[in-house]
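**Q** Sequence:
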Amino acid sequence: MKSESKKEPVFLVDGSSYLHRAYHAIRNLSNSKGFPTNVVFGFTKMLLKLLQEKKPKYVAIVFDAKGPTFRHEIYEAYKANRPPMPEDLALQIPLVKKIIKAFNIKILEKEGYEADDLIGTLARRCEEQGHEVIMVTGDKDFRQLISPRVSIWDTMKDRVTDYDSLKEEYGLEPEQFVDVMGLSGDTSDNIPGVQG
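Last residue of the sequence shown: number 431 in our numbering, and the count goes up by one each step with no gaps.
Take these hints with a grain of salt, some might be off.
[Stated by the list, open to error] Distance condition first, Cα-Cα at most 20 Å in a straight line; then the derived SDA-like pairs of lysine to any residue: (1) Lys-341 <-> Ser-382; (2) Lys-241 <-> Ser-382; (3) Lys-332 <-> Leu-353.
[Stated by the list, open to error] What follows is a set of in silico ranges between Cβ atoms, one per label pair, in the way DEER data are often shown: (4) Lys-345 <-> Glu-403: 33 to 41 Å; (5) Lys-268 <-> Arg-359: 29 to 37 Å; (6) Arg-317 <-> Gly-406: 14 to 22 Å; (7) Gly-406 <-> Lys-301: 34 to 42 Å; (8) His-259 <-> Glu-403: 24 to 32 Å; (9) Leu-418 <-> Pro-303: 42 to 50 Å.
No wet-lab data here; the hints were simulated from the structure. The model shown is predicted, which means the values in this text are computed figures rather than measured ones. By construction, the Cβ of each residue, glycine as well, lies at the ideal position given by its N, Cα and C atoms.
Construct the complete structure from the given sequences, taking the supplied hints into account.
**A** The following block contains the structure:
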């Protein structure tokens with residue numbers, strides 16, 4: 236009887252989350268010409284931690300694309316409460332992407348979609364191919380994607396949320412988080428909940 240070889244885990248990094256975490260964690264860092272480098276430094280530090288600790292064979296970094304998404308067509312006020320991206324953060328994104336490419340890591344983004352959408356699709360496809368999937372993010376919206384083979388690793392808290400720990404903590408199946416968020420709303424995305 237031929238034994239089935241275990242497939243390597245796939246790490247899907249929420250690059251947009253990493254950018255904002257780096258930006259808010261480190262302030263007032265720039266080069267000798269005054270160009271801001273806090274995001275470049277913080278993002279690279281988080282990326283190195285992932286590469287050194289987990290030594291992933293398969294890893295991709297996923298970003299939100301510029302511009303509106305299909306959600307804006309459904310609900311115009313989606314994320315309307317958020318201020319525009321700070322210029323000193325936006326200036327550093329091309330440098331961050333150069334660093335990612337220098338590590339020979341795949342960068343993914345698609346016009347009209349958020350990183351969440353791409354990560355969700357990739358997580359399911361990789362899971363169907365027999366891979367364990369680790370979504371590297373602190374975003375609570377990803378809870379709905381957890382399954383017995385798909386988990387979340389919040390590197391800032393060094394906390395892994397898998398299927399069993401999610402059910403134990405909340406008493407819910409992952410797919411029920413869609414209903415919970417629909418009922419309660421999400422102030423960070425400017426989505427109102429159900430009245431009453």
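**Q** Compare the structure with each hint and give your call.
**A** Now for the hints, and whether the structure bears them out:
1. Restraint check for Lys-341 and Ser-382: the C-alpha separation of about 24 Å exceeds 20 Å, so the hint is violated.
2. For the given pair, Lys-241 sits about 18 Å from Ser-382 by alpha-carbon distance, which is consistent with the 20 Å threshold.
3. At roughly 17 Å between alpha-carbon atoms, Lys-332 and Leu-353 fall within 20 Å of each other, so this suggested pair holds.
4. Remark: the range hint 33 to 41 Å for Lys-345 to Glu-403 is upheld by a beta-carbon distance near 35 Å.
5. With their beta carbons about 45 Å apart, Lys-268 and Arg-359 fall outside the hinted range of 29 to 37 Å.
6. Restraint check, Arg-317 to Gly-406: a C-beta distance of roughly 31 Å breaks the suggested window 14 to 22 Å.
7. Checked against the hint of 34 to 42 Å, the pair Gly-406 and Lys-301 passes, with Cβ atoms roughly 39 Å apart.
8. Evaluation of the 24 to 32 Å hint for His-259 and Glu-403 yields a pass: the beta carbon distance comes to about 30 Å.
9. At roughly 25 Å, the beta carbons of Leu-418 and Pro-303 sit outside the given window of 42 to 50 Å.
Checked against the numbered hints listed earlier, the structure breaks hints 1, 5, 6, 9; every other hint is satisfied.
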